[in-house]
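These protein sequence lines map, in sequence, to chains A and B. Just so you know, the first sequence maps onto residues 380 to 796 in this note's numbering. Just so you know, the second sequence maps onto residues 380 to 796 in this note's numbering.
Simulated from the structure, these hints should not be mistaken for lab results. Even glycine gets a Cβ: it sits at the ideal position worked out from N, Cα and C. Mixed in with the good hints there might be a few duds.
Said to hold, decoys possible - Computed spacing ranges between beta-carbons, pair by pair:
#1 B:Asp-489 x A:Glu-434: 28 to 38 angstroms
#2 A:Thr-657 x B:Lys-386: 19 to 29 angstroms
#3 A:Arg-793 x B:Ser-465: 31 to 41 angstroms
Here are the chains, one letter per residue:
Number of protein chains: 2
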Amino acid sequence: MLTFDFKNVFSVGDHGLLKEPDMSWFPQPSGKRYSFYDLPENGKLADEIAEFAREAREKFDHFVLLGIGGSALGARCIADALASASERGRLIILDNVDPALLSNATAGLDLARTLFLVVSKSGGTPETVAQYFYFREKTEATGLKATEHFVFVTDPEKGFLRKIAREEKIRSFEIPPEVGGRFSVLSACGLLPAALLGIDIHGLLRGAARQREGIFHTSFQENHAYQLAAIQYLLWKERGVPMTVIMPYSSQLSTFSDWYVQLLSESIGKEKNLRGETVNVGLTPVKAVGVTDQHAQVQLFTSGPFDKFLLFIEVSESDFDLKIPVMYESEKDFSYLHGVSFHQLLLTEKRATEQALTQYGRPNATVKISKLDSEHLGMLFMLFQESVAFLGELCGIDAFDQPGVELGKVLTKRLLS
Amino acid sequence: MLTFDFKNVFSVGDHGLLKEPDMSWFPQPSGKRYSFYDLPENGKLADEIAEFAREAREKFDHFVLLGIGGSALGARCIADALASASERGRLIILDNVDPALLSNATAGLDLARTLFLVVSKSGGTPETVAQYFYFREKTEATGLKATEHFVFVTDPEKGFLRKIAREEKIRSFEIPPEVGGRFSVLSACGLLPAALLGIDIHGLLRGAARQREGIFHTSFQENHAYQLAAIQYLLWKERGVPMTVIMPYSSQLSTFSDWYVQLLSESIGKEKNLRGETVNVGLTPVKAVGVTDQHAQVQLFTSGPFDKFLLFIEVSESDFDLKIPVMYESEKDFSYLHGVSFHQLLLTEKRATEQALTQYGRPNATVKISKLDSEHLGMLFMLFQESVAFLGELCGIDAFDQPGVELGKVLTKRLLS
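Isolated chain A (complex conformation) (with noise of 0.2 angstroms):
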């Protein structure tokens, strides 16, 4: 179960919205279909990918991913959400080309027992690529059939890394052309990395079609994503408000807002409008954790401009039943803490900070699951990036192109020829 409760955007005068936004500008009528819809769908290839995890998950102990980005994030995402700690520790991921990270995270690896995943939608990403270059070179210098060790998720058709997958028959996977990088999660892209540490991926997809279903209501009580895209929207335009604080309430989740930092910020932060206008719209995502950033970023949320929109996301059962004993009975400062289970501690410890930033008038609100599991993280994927597509439409601009960072990519390759 998911829901979303944004009744404290109505509840903090001025600072919030009056009445409630209305479906005038729902573009889904107009039957558009958005690259990420069908991904759930595809059960086929999400039993290919099972298979090829079964073999994997016994020949190799570690699975290192080179990716940067889409390619990157969403498979953090799922490791963090759902690997038991023993599994998740198989998983690495090399998102910079830092030497110390490609250093240290693979110190004492036994490369006979590791499997390379590279995962570029382009095929030709130059930081994957480098890092490729260097693990497979460092892989045949061991003696090992590199080709054994190399899985690559990429374009079907076009790029580097088709090419040499082909000539070289190295086992590969596809990212559909259509769908952008930070839109992939539920292509190969998280599938694989997800497969190979025992996760339900099928879950995943089962949670990201049930969500779907929720797209094109065009009530406005049933459709989540609309019911987000629209606060954000207003609350943009008709509060000033710029910047969406992402704060899940789980560390689990810790890394699903990174996953969403990139979702909104190159999908929204556009300098052109649809009309080719310069509008150098955006808003910006500002990652939080509850309750540690109760002890970090809160002071700032409380107090600071009326500039932030809080979005929390809040689990409602825990897996891990841990209670806080009964200890020094005597000091009664403490004695509230006697028999709570520390996930009752986290969610009364998010109750009192949205009543509280409720009664600053800071506008909030709270996509809710039951439970952390492979069906309720593959509904979050689905909301949140419907939520982004359509607040695209909104905005009047291409929530799927990222044009802002090529000129970043000439300069590079200019000052390295």
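Following the hints, put chain B in place on chain A, whose structure we already have.
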């Protein structure tokens, strides 16, 4: 060596500053000393901690830090920046009450070889006390003499932890009462966990002391901390720029940003000014890391609203000499990568991103350190703490309190009682 290059604040036309800030508001000639100034002088404490750590490193395999906010962020930053790959794994930081974190992070731990660091300035942080109860009981339940497996870092006189330390003769270290949590990284708060990982804590203090010399310079050219504070202040006042993006090009400094996020958020985000007037000021820190975020947030930074100041951190030399090998020579698209070191690629991408952002009219500046070692990290800590203290003076607010988090604490207690 630490330098601060802010020429790109003046190279972006109307979006940046038109002339150099002057020293007219400079607060230091009044002789005011901030609470954190004297920490680098405490060589005796560092000796004591180093001696304790020498023994503890023999007796224990793992160190579990129970603490939140300022009690955890500095320790994590130091560990990530300076510990070797094998040492880093010995420190587990539990800065949340999420039972999933408590359970996963301590799975398989041998309690007989584990030391718990309970870190709380007030000695009564509820989250930390709850964790203490939990692990204290767990340790005793295995038949261990619990007092030998705990060390406290807390106020010298007041609070629950101090009382318990006295009564049960638990080894403890002091945080000077006048030093706030977010300014405590150079107290036992940061030094103890650092020393337990074999890090040169005297170097941290030496670097901080060296950087501190710049504080009292009344020449703008010599005073990096004032330069940074004045730039942030003027970009906010004159250009309406409410966000500082902190973007180290270093995976090891990724959590330095988390430390700075707390420092800037809690210090400057204030409802009232020093005259008691309601002002709701605050600058919002946005965390990013290079090169990774070129594939996640840079699209927004180049193309979105003109609401951000970008602050890079660059490390000139790397300890890790890894080269991109020459492979697939016929693929001309990637020949520019051949033979380039990963560190050179990292620095070149930084330069390219900086140039692109400047061309897009985005004010940016770079703090450059020659290498990442204890001394230079100490310099960074002192520079950023000073600049935030100065910024508080410029904004006319108290940078050292956090009244905006009290309501949440009260509500939590009420909801649980």
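Going through the hints against the structure:
| no. | hint | verdict |
| --- | --- | --- |
| 1 | B:Asp-489 x A:Glu-434: 28 to 38 angstroms | holds, 34 angstroms |
| 2 | A:Thr-657 x B:Lys-386: 19 to 29 angstroms | holds, 26 angstroms |
| 3 | A:Arg-793 x B:Ser-465: 31 to 41 angstroms | holds, 40 angstroms |
Comparing the model with each earlier hint shows no violations; every hint is respected.
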